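Listed in order, the protein sequences are those of chains A and B. Number 362 marks the last residue of the first sequence (the numbering used here); no jumps. Number 1336 marks the last residue of the second sequence (the numbering used here); no jumps.
Everything labelled a hint here was simulated from the structure, so no lab data went into it. Take these hints with a grain of salt, some might be off.
Stated by the list, open to error - Taking lysine to aspartate or glutamate pairs in the DMTMM-like style, the calculated list, with each CA pair at most 20 Å apart, reads: (1) B:Lys1023 with A:Asp155; (2) A:Lys316 with A:Glu30; (3) B:Lys1304 with B:Glu1127; (4) B:Lys1110 with A:Asp155; (5) A:Lys38 with A:Glu18; (6) A:Lys348 with B:Glu1127; (7) B:Lys1110 with A:Glu18; (8) A:Lys293 with A:Glu18; (9) B:Lys1100 with A:Asp152.
Keep in mind it's a predicted model, so treat the numbers as computed, not measured.
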Amino acid sequence: MSSVDDGGLVQLLSPTGERVKNADYDSWVEDVDDAQLKSLYEDMVVVRRIDTEATALQRQGELGLWPPLLGQEAAQIGSGRTLREDDFVFGSYRENGVAYCRGVDYTDIMRVWRGNAHAGWNPYDINMAPSQVIIGAQTLHATGYALGCQQDGVDTVAISYFGDGATSQGDVNEAMIFAASYQAPVVFFCQNNQWAISEPVGLQARTPIAGRAPGFGIPSMRVDGNDVLAVMAATRIALDRARSGNGPTFIEAVTYRMGPHTTSDDPSRYVDVLEREDWQVKDPIVRVEAYLKSKDLLTEEFQAGVKAKADDVAKKIRAGTLNMEEPDALSVFDNVYSTSSSWLDRQKNQYSHYLQSFEGGH
Amino acid sequence: MSTMTLSRAINSGLRKALEDDPKVVLMGEDIGKLGGVFRVTDGLQKDFGAHRVMDTPLAEAGIIGTAVGLAYRGYRPVCEIQFDGFIYPGFDQIVTQVAKLHYRTGGAVKMPITIRVPFGGGIGAVEHHSESPEAYFTHTSGLRVVSCSNPQDAHTMVRQAIASDDPVLFFEPKRRYWTKGEVNEEITADTLSLESAAVVNSGNDVTLVSFGPLVATARDAAIAASDEGVSVEVIDLRSLSPIDFATIEASVRKTGRLVITHEAQQFGGLGAEIAASITQRCFYYLEAAPERVTGFDTPYPAAKLEDHFLPNLDRMLDAVDRVMGKDNSLSNWKGQ
């Protein structure tokens, strides 16, 4: 098996859409038939469309912020699609493609970014925690959740998504220590998109990030994160290891953030145009398109269907965002505690009276 | 009823919690075979197994962060932070995750995590082993913060804390671990409200508010004051957030005088909040401005100096004299 040590980057689909044979990984994706391949393609196109729509909504003032995942579709769809319904995802704030795989209500994705809520969805509805803004904190949550699965005697797995920047955080390193010590059924999925806002990955790591995990006693894989098949294979290997009681795995999906960190960012201040062009040819969707074409699957009818689906999702997101109900003023006090708090009850009561004073209420 | 030390009373409370609910798990450094550096978890790993009484790697953020994940999965983790001064590496997970997840998720995800912290000074320890960091946590919305002062409360309150669906910071007065008292273990976790203060000594002239390790000192001060003809009512807060203001308010309306004491530094501490809130609620009942008897606004000093830093009986009496308008250490003070 290709490993970090030999500098290997697992790739099953070349940028030009050729299927690269790999004895160690092929068996993990041999069930991916034409229908599955087309469906993976569709998901990636839809997620990119969501990204475009959300960016447009932000530019129109309908969202406060949006963190695009442009360029990372294969990493997110390839891994997200391999998860079981009962597996639990702890992502950062950029895993909206994974949320899509979890079957999230499209509008719910926008709730946080419109400023209506801190969490878009009920985590237990789709077995995915809400977006995590504190860098790397969720890796510990995934590890704890996995410990719970282990104690429950089930083969459910927790997976944590984070970026290259997060690997500098203490939390991520502590998560790997805890996971290794207890052999927790957790997958550490690092999307190395080369940039932590303006800081290149070289500032976080002098050597490939995947190389760290073995030091913690955690097996590691470094895969082409723009190759949906390689990502699928690696994630399945990791999930299988966790399910069979053999502990955590670290995956570095080497990808590229084609857009800004968020809509508030200006990458032209720090990204070299040539670097972006280099990655453009490795686009995760283009290579699947080429592969489908080589298999005569990229028919006009299929493409029109995919486009119609993407447009439909975008339309629903736009409508859902614009029609989102504003939160009630007094809901600011809701759910601070699961039971009542005399202090907070008093504050809420006083603020309620304050609000009523504008209505001649008293 | 049986007589036991405060530390044993917590041990017994933890044991009951482990027996009552299979989802309760204990996590911490050295809490297994060793039974904790203060032996509070003594014998629990032997009886409940290493999967329920877990020795963890030496990483406080790791302990709290994995507890968050366990809570997501439906567990009730009870984390031990070995010493007050070691809580700061876990501070981020407590403040940004534990405290906020219920709010963040609109009530969907509960965080029934108890974080036990031996706190306070008076044991002649080295640096970082004598601190009182409660105000950092009372300032954080979403956390409940409590502190016990006697074996019965320690037993009852640790069980309440674990049974609560909210996260609870449980501050244990480490210098009182060896205090003995009668403990009824046949209580249920809902015997007390998690928010109720206790009037532990009735009086008419001055209300002295204390908690944790200083309750015993405050009671001694009340006895000494009565020798001088001053009747001091001592309140044990028990809950530091939220605070049972109704109990303090009723007392101050009776006495007209308020003294608050805590080991923590004064500036921005609990005393400030209590003084402000009670002044607002009892302004026309007050005979004197509220006084605070606290640690100084310095880092916790070396052990040989801690007797100066820590509020003691004499400093409490000095403050009582001040609110009574009697001669006191500042009577002739001309400073700014």
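Violations among the numbered hints, reported as their numbers in ascending order: 2, 4, 6, 7 and 9
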